[in-house]
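Peer 1: Heads up: the protein sequence lines correspond to chains A and B, in order. Be aware that the first sequence starts at 0, since it is given in numbering that gives the first Met the number 0, and climbs by one per residue. Be aware that the second sequence starts at 0, since it is given in numbering that gives the first Met the number 0, and climbs by one per residue.
Honestly, the hints are just simulated from the structure, not real lab data. We put the beta carbon where it would ideally sit given N, CA and C, even for glycine. Some hints could be false.
So the derived label-pair ranges between C-beta atoms look like this [as the list claims (entries may be wrong)]:
(1) B:Val190 - A:Ala95: 24 to 32 Å
(2) A:Arg106 - B:Thr201: 44 to 52 Å
(3) A:Val67 - B:Ser194: 53 to 61 Å
(4) A:Ser23 - B:Glu112: 53 to 61 Å
(5) B:Asn47 - A:Ala74: 33 to 41 Å
(6) B:Leu137 - A:Ala95: 52 to 60 Å
Some chain A residues judged to face chain B by a derived CB distance under 7 Å, without partners named [to be verified]:
(7) Gly28
(8) Ala31
(9) Arg90
(10) Ala93
(11) Gln96
(12) Ala97
(13) Leu98
(14) Arg99
(15) Lys102
(16) Val103
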Amino acid sequence: MIKAIIIGSLLLILAYAFTQQKRSPLISGALAAIVFVGLILTLFPEVLQMLANDLGVGRGVDLMFYMVILAAFLAIVNLHMRVRSLQDSLRDLARAQALRDPKVPARELDHSELAS
Amino acid sequence: MQQRAPQNDLDQVWIVVPAYNEAGAIGPVLHAVLDVFPRVLVVDDCSNDHTGDLSASAGATVLRHPINLGQGAALQTGIDYALAQGAEIVVTFDADGQHSVADAVAMVRLLRETRCDLILGSRFLGAAPNMSWRKRLLLRAATLYTRLTTGLDVSDTHNGLRVLSRRAAERIRISQDRMAHASEILTQVAVQKLSYREAPCTISYTKYSMAKGQPLSGSLTILRDLVVRRLYR
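Using the sequences and the hints, build the whole thing.
Peer 2: What follows is the structure in structure tokens.
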């Protein structure tokens, strides 16, 4: 039963990854790879145990835990970069608006402009 | 928007004053500056008080950020505007009354005489009465950091009084929106091999400016911003 739930969830993530293919190919590809690995490990749990033994980790579940921590860290870095990029865009917009609407003292204005 | 034609040798000198909640000091500061320099631009960084209105009634041109971005961003906005207006020289000047107009005039004169790209104000070549020993120590450490990381032979850092030629103003691009811009400007001076001179200046630490100034913990924020920007460059 649990396998069916996990596989269903992974397939939903895969569908989401496909929808993001044009917008962010890197993230989409990474998600698809994670889903692929997840499917293999869910269907063949002994593979995880074998991998853990090869890497010197005691149990397969421990290896999974370490991988999740790593993935969470990468996700945080990705979000952080996106926030910084949004901040830069916001700054550029705010600057453009400020520059478009200067409050100029009357003595600075050209006489012709004052007359018009 | 078209503005009047140049009339004297300071007419193409733009004083850029970044300001955030400076209603308590900006009026007299601007009157003193406008007595000498005809072109004064205040970049109101979305103040909650009447900084913008006071600046406009003092006779300055005012730009207002719709959101608070930080002093570095305000300076860049001001420099962009001044360049668009044909500025030959841009002076960055604090709004809290710490800087002296006479120093700014002397620095503009020095820039013209030496034809350097920048003149940097130095309180350690000039004077800074009432500066606390902790601030002095911190600034010395920051200056040492700047000298080591940029190779520039400077005696002060994080001094807001600077005079930039048009060439320098066009080349320097401030991406540090908050207080780390001061280090970033010096880094760009070094990287782009802009010529510079230091000039003595007097920084007046008043009760107001000390209350408004950065807490010493702000230096940690500056350090963090510099490190993060290097990581994501």
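Peer 1: Can you give the numbers of the hints that this structure goes against, from lowest to highest?
Peer 2: 2, 6, 7, 8, 14
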